[in-house]
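K.L.:
Sequence:
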Amino acid sequence: MLRKPQADALMPVLPSGDAVDSDWLSAQLNLCVELLEIEALGVPQGFASNTMRLKPRGPSGALPPSLILKIDSDDPVGRDLADRLHSFQREVGFYRALAPQLSPLVPHVYATGNGISDAGRWLLLEDLSMMAAGNQVRGINAMACGKVLEAMAGVHARFWTSSSLLNLDWLPDHQFWFQGSSETLLAFHRSFLEDYELRVDPEALEAIASVIEHSQAIDAAIAQRPFTLVHGDLRVENVLFARNASQRDVVLLDWGTPTRSMAAMDLAFLIGGSVPMPARRGRLHDLCRQWHQSLQTHGVTDYSFSDAWADLQLAALRCLSSVLFLHNWQMDPNITSRAMLLDDEWIERCCALVVELEALALLKTFG
164 MLRKPQADAL MPVLPSGDAV DSDWLSAQLN LCVELLEIEA LGVPQGFASN
214 TMRLKPRGPS GALPPSLILK IDSDDPVGRD LADRLHSFQR EVGFYRALAP
264 QLSPLVPHVY ATGNGISDAG RWLLLEDLSM MAAGNQVRGI NAMACGKVLE
314 AMAGVHARFW TSSSLLNLDW LPDHQFWFQG SSETLLAFHR SFLEDYELRV
364 DPEALEAIAS VIEHSQAIDA AIAQRPFTLV HGDLRVENVL FARNASQRDV
414 VLLDWGTPTR SMAAMDLAFL IGGSVPMPAR RGRLHDLCRQ WHQSLQTHGV
464 TDYSFSDAWA DLQLAALRCL SSVLFLHNWQ MDPNITSRAM LLDDEWIERC
514 CALVVELEAL ALLKTFG
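The numbering of the sequence shown is this note's numbering, which starts it at 164 and goes up by one.
For the record, the hints were derived by calculation from the structure and aren't laboratory data. Among the clues, some could well be false.
[As the list claims (entries may be wrong)] With beta-carbon atoms standing in for the labels, derived distance ranges:
(1) His448 to Ala295: 21 to 29 Å
(2) Pro228 to Arg353: 47 to 55 Å
(3) Asn304 to Ile498: 37 to 45 Å
(4) Thr324 to His271: 26 to 34 Å
(5) Leu291 to Ser344: 34 to 42 Å
(6) Ile498 to Ser326: 40 to 48 Å
(7) Ala372 to Ile498: 23 to 31 Å
(8) Ser469 to Ala383: 26 to 34 Å
(9) Asp465 to Ser280: 41 to 49 Å
(10) Met494 to Gly317: 37 to 45 Å
(11) Leu356 to Leu204: 35 to 43 Å
Beta carbons: idealized from backbone N, C-alpha and C, even for Gly.
With the hints as extra help, turn the sequences into a complete structure.
P.N.:
Below is the structure:
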C-alpha cells in the first residue's frame with residue numbers, strides 16, 4: 164500500500180496486473196478522470212482486504228471528490244482467508260443485490276468488480292472518513308452497542324425468513340470464519356490452555372471443552388432457528404458512528420462474510436468481542452431487549468424475547484470457538500503487536516460472555 168499521496172504514479176496493482184490509475188477509474192465510473200491521487204489509510208485494521216482513498220480530478224461535476232477502494236490484502240494469511248471464505252464474491256453480491264434496500268445503513272457503492280477473477284476483486288465505496296471509526300481494542304460502551312444493535316435489527320427485520328435470500332448463489336448458509344469441526348477445534352485446544360487456562364473463568368474453560376465436543380450439534384441447532392441476513396463479522400471496527408447531528412447515526416461496513424443464519428449470531432459477536440466486561444456488566448438483558456424491541460418495531464412479530472435470549476446463548480457458544488482460532492493465529496511469528504492485543508482482548512471478552520449469559524446450561528442439553 165502507498166504511504167503518501169501520489170498522482171498517477173506508483174498506482175496500486177490488482178492481482179491481474181491491472182494498474183489502478185486514472186484510465187482504470189475512468190472506465191469503472193464511466194466518467195473522465197484526468198488526475199488521480201491515492202492516499203493510504205494508515206495501518207490496515209481489516210484482515211482480509213486493503214483499503215485506500217482515491218481522489219479523482221476531472222471535468223465532470225458528477226465525479227466524487229473522494230472514494231474508497233477496497234482490494235486484496237497484502238497479508239498472505241488474510242488473503243488466503245478471504246479466498247477460502249469467498250469474501251470478495253460475497254461482498255460484491257451484497258452490494259449489488261441487497262445493499263440498495265438498506266440505505267442509509269451501509270455505504271453507497273459506485274462500482275464493483277465481479278468479485279471472483281484477479282481483475283474483479285475490488286469495490287469502489289463511499290468515503291465516510293468524516294465519521295468516527297470504532298476501535299476494537301478500546302471497545303464500545305453499552306449505549307453505543309445499543310445503537311449498533313438497533314441498526315442491525317433493521318437489517319435482520321428486512322430479510323427475516325425472506326425467500327429473497329434463498330436463490331443467491333454467493334450467499335452461503337450458516338458460514339462463519341470461526342466455526343470448525345470437533346477435530347479442527349481440538350487441534351487448537353492444548354496450546355490455548357497453555358496460555359489462557361489461568362486467565363479465563365473455569366466455567367468458560369468447561370464451555371470451550373463442551374463446544375469442541377458438540378460443535379456439529381451447535382451448528383445443527385443454529386440451522387433450526389429462523390434465518391435472516393447476518394453480517395458475520397459485526398465488530399466495532401466494522402462500524403462508523405456519527406460525529407455530529409448531520410451524519411447518519413451508524414453505518415455498517417465490511418460485508419465480506421454475510422450469511423443466511425440465525426440473527427443472534429451478530430448480537431453475540433458484537434457484544435462478546437467489542438463491549439468490555441465492565442461496560443456490559445448487568446446490561447446484557449437490556450441490550451438483548453433493545454435489539455428485540457427494534458425487531459418488533461420493524462415488523463418481526465412472531466419472535467418472543469425468550470426466543471431471542473435463548474438464541475443469544477446459543478450464538479455465544481458458537482462464537483466461543485473464535486478464541487481457539489484467534490489464539491492459533493497468535494502463534495504466527497509475523498503477527499503485529501496490535502493484532503496480538505486485539506486478539507487477546509477478544510479472547511477474554513468472548514470467554515466471559517458465555518459465563519455472563521449462563522450459556523453452559525444450554526450446552527448440557529446437547530448431551
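K.L.:
Now, for every hint given, state plainly whether the structure supports it.
P.N.:
Hint-by-hint comparison with the structure:
no.	hint	in the structure
1	His448 to Ala295: 21 to 29 Å	holds (28 Å)
2	Pro228 to Arg353: 47 to 55 Å	holds (53 Å)
3	Asn304 to Ile498: 37 to 45 Å	violated (28 Å)
4	Thr324 to His271: 26 to 34 Å	holds (28 Å)
5	Leu291 to Ser344: 34 to 42 Å	holds (38 Å)
6	Ile498 to Ser326: 40 to 48 Å	holds (43 Å)
7	Ala372 to Ile498: 23 to 31 Å	holds (26 Å)
8	Ser469 to Ala383: 26 to 34 Å	violated (21 Å)
9	Asp465 to Ser280: 41 to 49 Å	holds (42 Å)
10	Met494 to Gly317: 37 to 45 Å	holds (39 Å)
11	Leu356 to Leu204: 35 to 43 Å	holds (37 Å)
Of the numbered hints listed earlier, those contradicted by the structure are 3, 8.
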